[in-house]
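**Q** We have chain A already, so just place chains B, C and D on it with the hints.
4 protein chains.
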Amino acid sequence: MRFLTSGDSHGASITAIVEGVPAGLPIEKEYIKKELLRRNKCAGRSQRMALEKEEVVILSGLRKGLSTGAPITIMIPNSEFYDLSEAQILQIQNDLPVSRPGHADLNGMLKFGFKEARNVAERASARETAARVAIGAIAKIFLKEFNISFASAIIQVGEIKSSKKITFEKASKLDAYFPFSDKNRKKAVLNLLENFKERGETVGGKVWASAKGVVPGIGSYTNWDTRLDAQIAYHLMSIPSVKGVLIGDIENAVSLKGSAAQDQFADSSKIFYKRKTNLAGGIEGGVSNGEDIVATCFVKPIPSSKFSKKGLNLQTKKKQAPQITRADTTSLAPVAVICESLMAIVIMQNYLEKFGSDSVDDIKNNFSIYQKRLRK
Amino acid sequence: MRFLTSGDSHGASITAIVEGVPAGLPIEKEYIKKELLRRNKCAGRSQRMALEKEEVVILSGLRKGLSTGAPITIMIPNSEFYDLSEAQILQIQNDLPVSRPGHADLNGMLKFGFKEARNVAERASARETAARVAIGAIAKIFLKEFNISFASAIIQVGEIKSSKKITFEKASKLDAYFPFSDKNRKKAVLNLLENFKERGETVGGKVWASAKGVVPGIGSYTNWDTRLDAQIAYHLMSIPSVKGVLIGDIENAVSLKGSAAQDQFADSSKIFYKRKTNLAGGIEGGVSNGEDIVATCFVKPIPSSKFSKKGLNLQTKKKQAPQITRADTTSLAPVAVICESLMAIVIMQNYLEKFGSDSVDDIKNNFSIYQKRLRK
Amino acid sequence: MRFLTSGDSHGASITAIVEGVPAGLPIEKEYIKKELLRRNKCAGRSQRMALEKEEVVILSGLRKGLSTGAPITIMIPNSEFYDLSEAQILQIQNDLPVSRPGHADLNGMLKFGFKEARNVAERASARETAARVAIGAIAKIFLKEFNISFASAIIQVGEIKSSKKITFEKASKLDAYFPFSDKNRKKAVLNLLENFKERGETVGGKVWASAKGVVPGIGSYTNWDTRLDAQIAYHLMSIPSVKGVLIGDIENAVSLKGSAAQDQFADSSKIFYKRKTNLAGGIEGGVSNGEDIVATCFVKPIPSSKFSKKGLNLQTKKKQAPQITRADTTSLAPVAVICESLMAIVIMQNYLEKFGSDSVDDIKNNFSIYQKRLRK
Amino acid sequence: MRFLTSGDSHGASITAIVEGVPAGLPIEKEYIKKELLRRNKCAGRSQRMALEKEEVVILSGLRKGLSTGAPITIMIPNSEFYDLSEAQILQIQNDLPVSRPGHADLNGMLKFGFKEARNVAERASARETAARVAIGAIAKIFLKEFNISFASAIIQVGEIKSSKKITFEKASKLDAYFPFSDKNRKKAVLNLLENFKERGETVGGKVWASAKGVVPGIGSYTNWDTRLDAQIAYHLMSIPSVKGVLIGDIENAVSLKGSAAQDQFADSSKIFYKRKTNLAGGIEGGVSNGEDIVATCFVKPIPSSKFSKKGLNLQTKKKQAPQITRADTTSLAPVAVICESLMAIVIMQNYLEKFGSDSVDDIKNNFSIYQKRLRK
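Those protein sequence lines, which keep their order, are chains A, B, C and D. In case it helps, my numbering puts the first sequence at residues 1 to 376. In case it helps, my numbering puts the second sequence at residues 1 to 376. In case it helps, my numbering puts the third sequence at residues 1 to 376. In case it helps, my numbering puts the fourth sequence at residues 1 to 376.
What the hints contain is simulated information worked out from the structure, not anything from laboratory work. Heads up, a few of these hints could be off.
Which copy is meant is left open, because identical chains are indistinguishable; a pair holds if it fits in one copy or across any two.
Calculated lysine-lysine pairs in the DSS-like style (CA-CA distance at most 25 Å, straight line) [claimed, not checked]:
#: 1; residue 1: 64; residue 2: 115
#: 2; residue 1: 257; residue 2: 164
#: 3; residue 1: 186; residue 2: 376
#: 4; residue 1: 170; residue 2: 270
#: 5; residue 1: 274; residue 2: 317
#: 6; residue 1: 270; residue 2: 318
#: 7; residue 1: 309; residue 2: 319
#: 8; residue 1: 115; residue 2: 257
#: 9; residue 1: 319; residue 2: 257
#: 10; residue 1: 317; residue 2: 376
Pulled out of the complex, with its shape left as it was, chain A reads as follows:
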């Protein structure tokens, strides 16, 4: 499965083409839309999000509700865009002469040879992740056939850390609006968000995401780029505000002695490869070991807000206050959804590689052969 995404933040639509989805998968637009809304209707987001209706149009690859094996085209129209006159479009896509630090603005202007930042800001926007959440929704539908499920949580907001150890089960029960993992401190967090919103301040934190049900043997150590942890890091680090990716509980393990940092085999379990702990986050040697796949993302505060007093005007080479186009307080809640989506994409790709392609039924048969072999 491979894909390309496209679309400008204030353009006609966000679009994705996904090639290699096997035939026979029941894909409901409503489920994709639901995932998109999880990314959108959450605490910490600005008014603009309310305008994004996240309608999903599937332009190809689906017939009678089932995937056909042909490329699937998902379009998420910017509904507001279609009622605009040419002049209005030029207005909302106006020139941005001043670059904002923390964004791709200046780097993109230098890279491509632009005098202003609009051309950069449109595509460097995190709006692109909507396309990948849509693709992730398809991956989740696929992986559900193999009993794989996903959960995520926010475990730190600025200086406020969750005091509880997060687990898949706990994360599954958190509310989608703002899945902070520590009930006792959630009110403090929401107050902080409210307060920051008023002041035009922003905040970062940490997001935890996990996949349950992945069989052992996914990913490979045979070349560097097939390692499952490396693939997950590649995808998660591509989320605009993510600047750090950890697998499992390495933040803790980094200061442990080796003898204390092992996930010992369970003393007795129906599943012979079961472990007592999961410091490794379900991946050893680049290959899944049957435990939950676990990753944590470090999320930076959104860099532009009222406080962005000094950007750079490339034409005057002077510092100047930039035009601020968005006002989310934090990207933590959307990042949680995006993490799940990207993990789902990676795992689906690896399942297809291991268990074959083309027909969901065939793949399920192949998978059950593998499961039988594991049990032997």
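**A** What follows is chains B, C and D alone, placed relative to chain A:
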């Protein structure tokens, strides 16, 4: 530039084929060997390393000391291997019936259908990284033509953290044998290593690596997989003992307010895009901004040592003590070198994509056009 | 530059996402549309083509008429589709229980596990090539900046062969409606098409296509997949009705002696690498030599028409007459346009690789450095 | 499965790294060597070939005779090379100031910025194909597990065409030394070769190659680059002297009426998808249909020999006689072997994609599920 590596830990050689190195690059075997020895002759490594002579044989792609544009084949023979009889080879490649937790062993056995772990352990071994250090050496030679240099440091060993803020300049001056960044605590660290070695214990920590001199505009936000930070994370997370990758100073920024987490433009500088700080680690929006590229790796303790009392015997399905084949105390020092190498590979690939290919002279000319445009 | 296409023949639209088009390219929708109509409004095509309006919608990647470096999304809506009710859509996408020999029908049904052929026929349709003609139009706009132009011709229709040697100049002057290269036999050809159309018969032939202005040094012999001729063959052989690809005049050279099959250097020419002949079709050793790039495609007769009396009904396992959904007499004229488009795509990709990316202006500067070097 | 090859014609070795060969495949060096010798010890080749001993060294990926899933490194040493002094190496790799038309020489010199042709000639040499024949041997071993076999034949030498229709069965019985398909004309052909050899003349022709036993459903029409015919054309056109690739009997079909150009379903057969004819060469719509996969290559006469009177000296910009380093009379017999090898590689890659990866036993189980589905 693309490459494949091969080679089994106790096999005939580690080999790499590198396609797309432009013609006209002066490649000295001695420099590659020097980089390989940096990975090898350092504190925390076992006796076996002393045996690895890291001779470098270049089988193709070089003539009269210059790259020819043809694929370069680098072979690092396991010199010990060549004097062995067939029987001795079988002996050092003996069956490993018991899998070790923390390694790919069991996962690889289940994946490929093996009854024992030798077939897995040979390739899942970190010995593979020698090939990438050799490729990285070529990348460093290439990037030197563009005034890019690399440095790395160990900033945490187990519970002992460096108390100093690391910088490129400081890292450049650390000794290669064990580049711990805090002079005052170095003795404590070396004592810890000595003590752990005696006890057969292992330890992890954190490694910092950086590239200086990368121009703004490298990497791209246009699709997720072209983002420079994502590419770096992909490569670094593929290092066997690395389980976490951070870009810049996100560990700090994660709890800052947005207004405090920006890298403001410098007040006055000959370089108009110069920043006052570098929290972003030289990458904003997936694109280089001209500051040092900075990444930190979280390194787990080596999972197998004398303490590995309980592995799994897949044939008996019983827990059992595994055969321990290596005894490094920590992989921190080699990881530092490997990080530099992989960053060099990523940056070289992005330079080739941006500034063209084939001839080093042409690329340098194209690069100088870009530099002129930036200065305008 | 990479791309994915999508879209079902009787679905909502044909779509393409193109990543890596450098910034600053003036892209006019009208030009893309013109190229699409060349593919469509030509002799040998059925009534349905008249319905295809080939409107072009660019959903992203363009601002103020210039490419922005962001992915370009081109949508070619099936205009008829949008006025249809759900029931009508089901009607035009009705089940096709009988597979047609010569098409992907049965093979696709077996591959994906379908009981009927509609799911296959929708995507295996040559309608997909519209997306690549649109991408090719962008490539042509790009390559025009480097003085590269394209021409094509039909040189054989069934048993009627052109008696003239085709050249780039002659091909440039042929009419787009049916660019048969032999004026004297054109009437016979059009009569044949008319006659075959009435009888529901189809016909194949040969198509010639060429690119003028490609500098020496494009493509590479360093690994098999970088060879320019191999890349061209890959693309051209992917055109649904093409079953053969020749480079240059190999059909002739195959029976010549070696001494007679060489393109000798010209006796005197301002361009030192100029040749007297071009048997090699502008490519020697997988690399362009400065002569016109020339390829010929062998095109099979469209396999389904009134004569398709016996397909296979997979449910009954009986032979049966298939439903015939299209009635073009020949695909020769569209194939000519598609060949140009695909050659343009390949050449653009190789130019970007050799001369760098991101900004059209930068690339042109890099290119002129190369030209200066060649002249030295 | 992916691979890179390397090696210079007069360098230390030809090398290949192959990643993704599933575990459990019995790989015998002797079989690889046998395939290499088929490429080498045949009519039309020069004395030098007698020197190439085609010893095969497998440096990794094999243990106890079985593939381990790790990358396989195949080295074919240039045995003569190892006994040479540094001075002798410089001698056999001496500068080639004069480029030869028909070769990559001048194009490569211009591309990479060389003043002489040695750097080009070393890698552009057809010697590289030895690496791919070795990889193809592994692919054949793999595909034998799925009852797929290969055959090839020479069907035209210069002006002498075989008068017989070639079939898989006939091709299987031809002698490896020079598998010309027409017994009656073989003497004439060998005389021609002898005569040409004496005169230092060269000759081209046509090579036919085929794979038997490929199940329907391999390859895909869903995107252009997954089409089986396109993939085969990509590989075959990358053979240095091949300038044309045809699939099936298109040379004939190109002038047939559509009603006569169909491969009708057989009237009665145990295999329901069996056809009466195989004009399509086993591929319809880019997907295998269960018939033999058939391709024909157009091979140009080797461009350099005694007759190469005029090359170009880039330093003087004058025409001049080039140094002639090889003296094969024709590449037809090696091309036949290479064609089989490359078809095997393509088909293996597609089998792995469709039926999964990692373990030969698993893949065979998955395959048998598919076969059962087909029979239903």
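**Q** Within a copy, between copies, both or neither: which one fits residue 115 and residue 257 at a CA-CA cutoff of 25 Å?
**A** neither (53 Å within a copy, 30 Å between copies)
**Q** Given identical chains, is residue 317 near residue 376, meaning Cα to Cα at most 25 Å, within a copy, between copies, both, or neither?
**A** between (69 Å within a copy, 10 Å between copies)
**Q** Is the C-alpha distance from residue 64 to residue 115 at most 25 Å within one copy, between copies, in both cases, or in neither?
**A** So residue 64 and residue 115 pass the 25 Å test across copies only (14 Å; inside, 49 Å).
**Q** Measure nothing new, just compare the shortest in-copy and cross-copy C-alpha distances for residue 274 and residue 317 to 25 Å and report within, between, both or neither.
**A** Classified as between: cross-chain Cα gap 12 Å, same-chain 60 Å, threshold 25 Å.
**Q** Is it within a copy, between copies, both, or neither that the alpha carbon of residue 257 lies no farther than 25 Å from that of residue 164?
**A** So residue 257 and residue 164 pass the 25 Å test inside a copy (23 Å) and across (23 Å) alike.
**Q** I want to check one pair: residue 186 and residue 376. Are their C-alpha atoms no more than 25 Å apart within a copy, between two copies, both, or neither?
**A** neither (47 Å within a copy, 51 Å between copies)
**Q** As a check of your reading, is residue 319 near residue 257 (CA-CA no more than 25 Å) within one copy, between copies, both or neither?
**A** For residue 319 and residue 257, only the inter-copy Cα distance (22 Å) is at most 25 Å; the intra-copy one is 50 Å.
**Q** State whether the alpha carbon distance between residue 170 and residue 270 is at most 25 Å within one copy, between copies, both, or neither.
**A** Result: close within a single copy only, 24 Å intra versus 53 Å inter.
**Q** Please sort residue 309 with residue 319 into within, between, both or neither, judging by C-alpha distance up to 25 Å.
**A** within (9 Å within a copy, 62 Å between copies)
**Q** Please work out whether the CA atoms of residue 270 and residue 318 approach to 25 Å or closer within one copy, between two copies, in both situations, or in neither?
**A** Classified as between; 13 Å across copies, 68 Å inside a copy.
Violated hints, listed in ascending order, are 3, 8; each of the other numbered hints is respected by the structure.
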